[in-house]
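Note that the protein sequences, when read in sequence, are chains R and B.
For the first sequence, full-length UniProt numbering gives the first residue as 1, with consecutive numbering after it.
For the second sequence, full-length UniProt numbering gives the first residue as 1, with consecutive numbering after it.
Hints are computed from structural coordinates only; laboratory data are not their basis.
The model shown is predicted, which means the values in this text are computed figures rather than measured ones.
In this text, a Cβ means the ideal position worked out from N, Cα and C, and glycines have one as well.
Among the hints, erroneous ones may be present.
Covered by chain B, according to a simulated footprint, are these stretches of chain R (three or more residues, beta-carbon under 8 Å) [claimed, not checked]:
id, stretch
1, 74-85
2, 119-125
3, 154-165
4, 168-176
Computed beta-carbon distance windows for the label pairs [stated by the list, open to error]:
id, chain 1, residue 1, chain 2, residue 2, range
5, R, D38, B, R130, 37 to 43 Å
6, B, R106, R, G204, 39 to 45 Å
7, R, G108, B, D38, 58 to 64 Å
8, R, G204, B, Q77, 48 to 54 Å
9, B, E83, R, R61, 50 to 56 Å
Anything over 12 Å on all C-beta distances counts as not near chain B; from chain R, calculated [claimed, not checked]:
id, residue
10, A18
11, V20
12, A22
13, A23
14, H39
15, V51
16, G65
17, I136
18, D186
19, A188
20, V202
21, R203
Number of protein chains: 2
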Amino acid sequence: MSADETAAGTVRPGGRTARVRAAVLRAAGDALAEHGFDHLDLADIARRADVGKTTLYRRWRSPAGLVADLLMDMAEQSLPRTETGALLTDLRANARLVQRTLTDPRQGALFKAVIAAATCDPRTADALRRFYDIRIREWAPCVEQAVSRGEVPDGTDSHEVIRAVSAPLYYRLLISGDPLDVATADRAAEAAATAARGGAYVRGKMEVAH
Amino acid sequence: MSADETAAGTVRPGGRTARVRAAVLRAAGDALAEHGFDHLDLADIARRADVGKTTLYRRWRSPAGLVADLLMDMAEQSLPRTETGALLTDLRANARLVQRTLTDPRQGALFKAVIAAATCDPRTADALRRFYDIRIREWAPCVEQAVSRGEVPDGTDSHEVIRAVSAPLYYRLLISGDPLDVATADRAAEAAATAARGGAYVRGKMEVAH
Chain R
1 MSADETAAGT
11 VRPGGRTARV
21 RAAVLRAAGD
31 ALAEHGFDHL
41 DLADIARRAD
51 VGKTTLYRRW
61 RSPAGLVADL
71 LMDMAEQSLP
81 RTETGALLTD
91 LRANARLVQR
101 TLTDPRQGAL
111 FKAVIAAATC
121 DPRTADALRR
131 FYDIRIREWA
141 PCVEQAVSRG
151 EVPDGTDSHE
161 VIRAVSAPLY
171 YRLLISGDPL
181 DVATADRAAE
191 AAATAARGGA
201 YVRGKMEVAH
Chain B
1 MSADETAAGT
11 VRPGGRTARV
21 RAAVLRAAGD
31 ALAEHGFDHL
41 DLADIARRAD
51 VGKTTLYRRW
61 RSPAGLVADL
71 LMDMAEQSLP
81 RTETGALLTD
91 LRANARLVQR
101 TLTDPRQGAL
111 FKAVIAAATC
121 DPRTADALRR
131 FYDIRIREWA
141 PCVEQAVSRG
151 EVPDGTDSHE
161 VIRAVSAPLY
171 YRLLISGDPL
181 DVATADRAAE
191 AAATAARGGA
201 YVRGKMEVAH
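Pulled out of the complex, with its shape left as it was, chain R reads as follows:
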């Protein structure tokens, strides 16, 4: 198996394959942010990345394959969690990271394009889910540490708390169009921390309530 044929993510860093992948994913991200998923054209990406069309088709096969690899690369490149020693400030760091990403002109447009594509393309929907799974697993230990410190109740669903921090920010991006500023991020973190402390994310709790 040649280096070109190894699966993305297992390539030797700094090799030709890694350089080709980086150039193609950068071009794919630019094209997505500019024109959306529906106008993603592998021949155009090959031109932008200065890579042979055959290489690109052989390795990524389809726009959905390319977007899946782009999301995997974004997950690998994305920042590690911040640990501040307290749940509220950890969640605030997470919320501000999401807020910065979604308000960055290129990244915000890219996420909108991928989320729109995921509503009708199952492969893109899977790739998007994998991206968020990785990000949620990265940040979940902040909540587990808060459980150990006794800040939030035993049995708190750490993944659900992390999702709760992001949800209001995506709601603004995709639905309400309200401003996505730092105050909004801080409020999302505070709401999630307050609800977690109050036991709203304890697993299995809702099934017995009322």
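For this one, chain R is given, so just place chain B on it according to the hints.
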């Protein structure tokens, strides 16, 4: 001005214009749910609704115009709020209504299609915002009554509490793909109520914190 030329929303209920509008919007909703916004074709809608193409083009002009009117109709037709006398149970009624809507096969597909279209069509984005403005204004009094009863602090942003109930449900629909069941709805309501009681949605608070 003939009845056919009056603006949508001002027509005499039960008249021919209202019947035409109902048939066209039903057909538009079916087509959106089946094929998405990108494949919305006014000639196809006219056929499905058994309405002349000229009438349809004159009155709605474009797929975006048709979707805007469909969202206005959905907002007008949607259920009024439930008032139970306590914030948690009011918000739970709201969350369950959103959950039922988003998991209904036709309605869920329709919302996904419209939200995807709104990411790249400003007119659809405006129409979507107006739809949620109407729904949020309908439910906000539940929070205002909770303020009057002393359940949540003075200065609580009622609109933000209502958005917070919906946000985790839309996050699951569009992003994580996790199941959207009644327990999820109940948890979204409990988290929003707990955070509201703890003062997380008090206006202007975040600007002075830390």
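Comparing the hints with the structure gives:
1. Here's how the stretch 74-85 of chain R fares: 0 of its residues keep a CB closer than 8 Å to some CB of chain B, so the rule of at least three is not met and the hint is violated.
2. Check on the stretch 119-125 of chain R: 3 of its residues sit with their Cβ under 8 Å from a Cβ of chain B, so the three-residue criterion for coverage holds.
3. As drawn, the stretch 154-165 of chain R meets chain B at 3 residues by the rule of a beta-carbon pair under 8 Å; at three or more, the given contact holds.
4. For the stretch 168-176 of chain R, the assignment as covered by chain B holds, since 6 residues bring a beta-carbon within under 8 Å of that chain's beta-carbons and 3 suffice.
5. Hint check: R/D38 to B/R130, Cβ distance near 25 Å, so the stated range 37 to 43 Å is violated.
6. Under the hint 39 to 45 Å, the C-beta atoms of B/R106 and R/G204, about 32 Å apart, miss the expected range.
7. Separation of R/G108 from B/D38 is about 21 Å and departs from the stated range, judged on CB atoms against 58 to 64 Å.
8. Under the hint 48 to 54 Å, the C-beta atoms of R/G204 and B/Q77, about 37 Å apart, miss the expected range.
9. A C-beta distance of roughly 55 Å is found between B/E83 and R/R61, which places it inside the suggested range of 50 to 56 Å.
10. The Cβ of R/A18 lies farther than 12 Å from every Cβ of chain B, with a closest approach of about 29 Å, so its non-interface assignment holds.
11. The claim that R/V20 lies off the interface holds: its Cβ sits roughly 30 Å from the closest Cβ of chain B, which is beyond the 12 Å cut-off.
12. The Cβ of R/A22 sits about 26 Å from the closest Cβ of chain B, beyond the 12 Å cut-off, so the non-interface label holds.
13. R/A23, annotated as away from the interface, keeps every beta carbon of chain B farther than 12 Å; the closest lies near 26 Å.
14. Consistency note on R/H39: stated as away from chain B, yet its beta-carbon is not over 12 Å from all of that chain's, at 10 Å minimum.
15. Every C-beta of chain B lies more than 12 Å from that of R/V51, the closest at about 27 Å, which supports listing it as non-interface.
16. Annotated as non-interface, R/G65 keeps its C-beta farther than 12 Å from every C-beta of chain B; the closest such distance is 19 Å.
17. Its closest Cβ contact with chain B, about 8 Å, brings R/I136 to no more than 12 Å, contrary to its assignment away from the interface.
18. Taking the minimum C-beta to C-beta distance to chain B, about 5 Å, the non-interface status of R/D186 is violated against the 12 Å cut.
19. Not every CB of chain B lies more than 12 Å from the CB of R/A188, the least distance being 9 Å, so the non-interface label is violated.
20. Consistency note on R/V202: stated as away from chain B, yet its beta-carbon is not over 12 Å from all of that chain's, at 10 Å minimum.
21. A Cβ of chain B approaches the Cβ of R/R203 within 12 Å, the least distance being about 10 Å, so the stated non-interface status is violated.
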